[in-house]
Amino acid sequence: MSYGRFLLKRGLQGIVVVWGVVSIVFVLRFITPGNAVDAVAPLDASPELRERIAAELGLDQPLYVQYLDYLWELLQGDMGYSYISGIEASSMVFSKLPATIELAVASSIIAIGLSIPLGVISATRRHEPADYAATTFSLVGISTPNFWLGIMLILLLSVQFGIFPTSGRAFGFVEAFRIAANQGVGAGADAFYQWLRFITLPAVTLGTYFTALITRLTRSGMLEELGQSYVRATRAKGLPESLIRYKHALRNTLIPVITVLGLQLGTLIGGAVITESVFSWPGLGTTLINAINTRDWPILQATLVVIGTGFVIVNLVVDAVYAYLDPQVVAE
Amino acid sequence: MSDKDSPDVSRRKFLGFAGAATATAVAGCGGNGGTDTDTDQPGGNGDTDEPTDTPTGDDTPTERPEPETRDGYLQRANRVAHEQAPWVFLNRQYSVYGKSEDIEWQARADEFIDAYAISPATDSGDDVVINQSQMDSGLDPQDHRATPTDNIVMQAYEKLLDRDREGAILTSLAEDYSRQEDGVVRFHIRDGISFHSGDDLTPEDVAYSVNRIVDPDTGIASPQQDQLAGVTGAEVVDGERAVDVMSDGLNPIVFSLFASYGPIVNKSWIQTNENAYINQNIDGTGPFVLETYEQGVEVVFNRNDNYWKEAADISSLTVTSASESSTRVNSLLSGEADIIVNVPPQEVSRIEENDGSSIAATPSTRVIFNAMRYDVEPFDSPEFRQAVNYAIDLESIVQNVLSTFGDQTAQPTLDGFFGFNGDLDPYPYDPEQAEALVEESGYAGVEVELHTPVGRYLNDVEIAQAVAGYLDDLENVTASVNQRDFQALAGEVTDGDIETSPHWYLLGWGNATFDASQTLIPLLKSDGVLTSWSNDEFDRVIEEAQSMPSEQ
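Keeping their order, the protein sequence lines are chains B and U.
The first sequence: position 287 = 287 (my numbering), numbered continuously.
The second sequence: position 159 = 159 (my numbering), numbered continuously.
Incorrect hints may appear among the rest.
Said to hold, decoys possible - In silico contact screen, one side only, chain U against chain B (beta carbon under 10 Å); selected entries:
#1 Q134
#2 D140
#3 P216
#4 T218
Hints in this document: simulated from the structure, not taken from any laboratory.
Computed from a predicted structure; not experimentally measured.
The beta-carbon is built from N, C-alpha and C at its ideal position, and this holds for glycine as well.
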């Protein structure tokens, strides 16, 4: 199979997955207790008012009509309107996407920046204090629940020492750039500083588990590679140890690490729900929680579809990179 | 204490002998809590503890003198409810806020955070930040029914009438109001008021605003239609700066409704803009002007310097939200927020112990209760329903589960509301009496299950567990709790069919009209939208009450 055909096949599979997500999310609405009209109508609303609201929301149509309408509109990029606020679901969800992507990327940078050196150090200094420190860190990091870590960081660094704000997001990365462009370097620097103050705690909270995971993965991968015969051969050839470790062993270690990174990035886009909630980070996670609580189905569907699509795209990219790094994958 | 069914007659008799004077004095408090009219005349009209005949007579409600006023009838309805116990009477919920020392502010009974009433106590109190549990559901003031949205939009929109902190009616955009005839009331509109866009407020705007709420053909199907219950429409009065509001029938509480509900919008602004635009912008007459709006994230207002009253004391107001209560508390402790809502009891000490913050708690307009369906076993027996009330130690629940952030109740209506019956005391904790009543009801050995929403009201699950626990402690009843999703539970209760409701469920009911009828009718009258009860005497006294005007 050529590389192009491989990508095409994966892409088609991705479309089927997205369609599955869309359909399951649509069906979920009808098996979840509590209907949308109850969420919108006041407790003491009369049956007439309920019927009127149902008609206004299009809920009086048969199920298959609603489903086909929904699919057709989705294909045209129309995700409907919020039951609660009447705002276009797509604009609402896409306006939250940057905050979530920012957080996912920031926490990934923290994770990659910390975990790969930690993993390498840990593997190359096996059974030394540095190794024990790194493995202890990764064990604690994996075992610590996000929400607890977030609350503790807030209590210590925000409430106690006042270094970081407790919650929220002043503005986005892009807005900070805009400020820098419009108001000069001084204002721009200040904007970036503010941006950094708000994103640090949630990014650290979200990144900790991820850091710990990749550290363990890098460590075990490195240990495995360093035990391979090609490493012994290169050592015998007299190559410097640093070259053996970083050019040969680490490179091979990175293949599974990239897979996990990609999967995790997908998870981060959708899985930051708890962290976003603890920090009131105005991203997809918070939107999702609010939509669930208010049974705002168009927003809920739009959020899940965007998260699902994001996950599929990220995986597609990972597959592509993976196949590029390891041609055996395509051959299969 | 039931006059009719309970063996606890001695206490009743005692009240009958000794209590007439005291009892009426207490009843007098009932009407004082801020309705437009206070018809409760000492010693006469209320539903007192004094039966017509002598205290030795058969002590039944029917032998009490027929009330003469609306207040009297509503008090009678509350008495019937107390005696027949269609509910387990629980607590009046408190609104518990955290407040920074940078501002001066007092919480209101109706849960609205009125930023106009905030004044700075220090220099940093000039820019106020409110952190609530949810953001708005769009800025159209007539297309929502939630307190978090009110806390945002009603800083910039106003109503014809208003209320003070305790609930007493004040004039607002209407400078004067009067009843013209049955079903028609007239509001005289204040002159010299303009919207934030610069347009002048006209009677046409007022009439349009009312019609947009009550008439689905005017603009939107407003979920506030039921808030202006009975109102059918409004029209401008020729030659006067006034609007006539028409109701179906007498509508005794019409002024009360307009003091709590009915925001006034700019007709031309609404008509020329799309719904989505109206949901993201504001053109009101209120003390704050919208500066920026980021849906679901943050709303910023600036002081309206052209306000028709004195401009607000604070120069800017930011409303933001955090669904996690600990996040809100942290934002207060770190000085980022000045007011935070819904402080759970376990977080109170952190706020109190911190320099620069304090707790502001006030009784809300919400009553928490357990409804018991009258049409199913064992709750079809008044004795059994009374037994449940005797079985629970309500005082302990308020003390321990609610950390005293609650008041015990004895009737559906809250103290301070029009129609509150001051003679009724909460059922005492008396497990022996409860067991005896269960025996009497014939349902000894029965198993019951209490359905409760999770996290909808202050410590709702804990309250339900305490209630079921107390009942389960009785020798002859087994009780348990079923934790439910609120939307699902509400769906069953509100679908207009009593058959689909759980047999026994915990619910809270907010009533911002400060009038007993808006609790009694929907929840307990036979044809109420979410009723769990049917009682002829109760229905009769309510109908009598609703045929009389509230004001005189």
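*Structure versus earlier hints, numbers of those that do not hold, lowest first*: Those not satisfied come down to hint 4.
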